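S.K.: Could you build the full structure based on these sequences and the hints that come with them?
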Amino acid sequence: MHTESMIYPTDPKSLYPLLRLQLQAVTEDVTDTIANLANASALMNLALRDINWVGFYLRRGEKLILGPFQGKPACVEIHWGRGVCGTAAETGLCQRVEDVHAFPGHIACDSASRSEIVLPLRKDGQVVGVLDIDSPSIARFTPEDEAGLMTLIPILEAIL
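Going by our numbering, the letters in the sequence shown line up with residues 66 to 225, in that order.
Simulated from the structure, these hints should not be mistaken for lab results. Quick caveat, the model's predicted, so the values are computed rather than measured. Some clues are possibly wrong.
What the hints assert, rightly or not - Label-pair restraints from in silico Cβ distances:
(1) 222 - 128: 15 to 21 Å
(2) 215 - 98: 16 to 22 Å
(3) 75 - 218: 18 to 24 Å
(4) 176 - 223: 31 to 37 Å
(5) 96 - 168: 24 to 30 Å
(6) 78 - 126: 38 to 44 Å
Every residue, glycine too, gets a C-beta built ideally from N, C-alpha and C.
M.R.: Pasting the structure below:
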């Protein structure tokens, strides 16, 4: 698969099924979690428009620790329940934030980020990490993006 020359559709109904197939292909028969998460973040970075950071935070006790990502250097440690990522981890619910500056307790790792979506990742019913995607645009992530990204979660959870 040569994704670097691929032009991705902008319509969520076309984009996410394609992204799901590609994510399955790059993680199939690969048993290393870090390698899989690294390729997943690289793939999403190529496919998703108008984002400035995409990656993973993995649970270590009551903290989230930076995992594989694409973007500027990021916060290394996020406490459970703090910021958008910590809230998603603590509640087990997706957090789709239109304006991160209006989110109580937002942790500003990159001042250019304006909106964010964070999806919890589970293993054996417990939150073990999150997928975090930031955008420099306000209200970048739509309900359609949330639904599309949710279709990737089973693949990501299977590689954890």
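S.K.: Evaluate each hint against the coordinates.
M.R.: Cross-check of the supplied hints:
The hinted window of 15 to 21 Å between residue 222 and residue 128 holds, with their beta carbons roughly 20 Å apart. The hint said 16 to 22 Å for the Cβ distance between residue 215 and residue 98, and at roughly 21 Å that hint holds. Evaluation of the 18 to 24 Å hint for residue 75 and residue 218 yields a pass: the beta carbon distance comes to about 22 Å. For residue 176 and residue 223, the hinted distance range of 31 to 37 Å is satisfied, since their beta carbons lie about 35 Å from each other.
One distance hint, 24 to 30 Å for the beta-carbon pair residue 96 and residue 168, is violated here, with the actual separation near 37 Å. Checked against the given bound of 38 to 44 Å, the beta carbons of residue 78 and residue 126, roughly 40 Å apart, stay inside it.
In terms of the numbered hints stated before, the structure departs from hint 5 and from no other.
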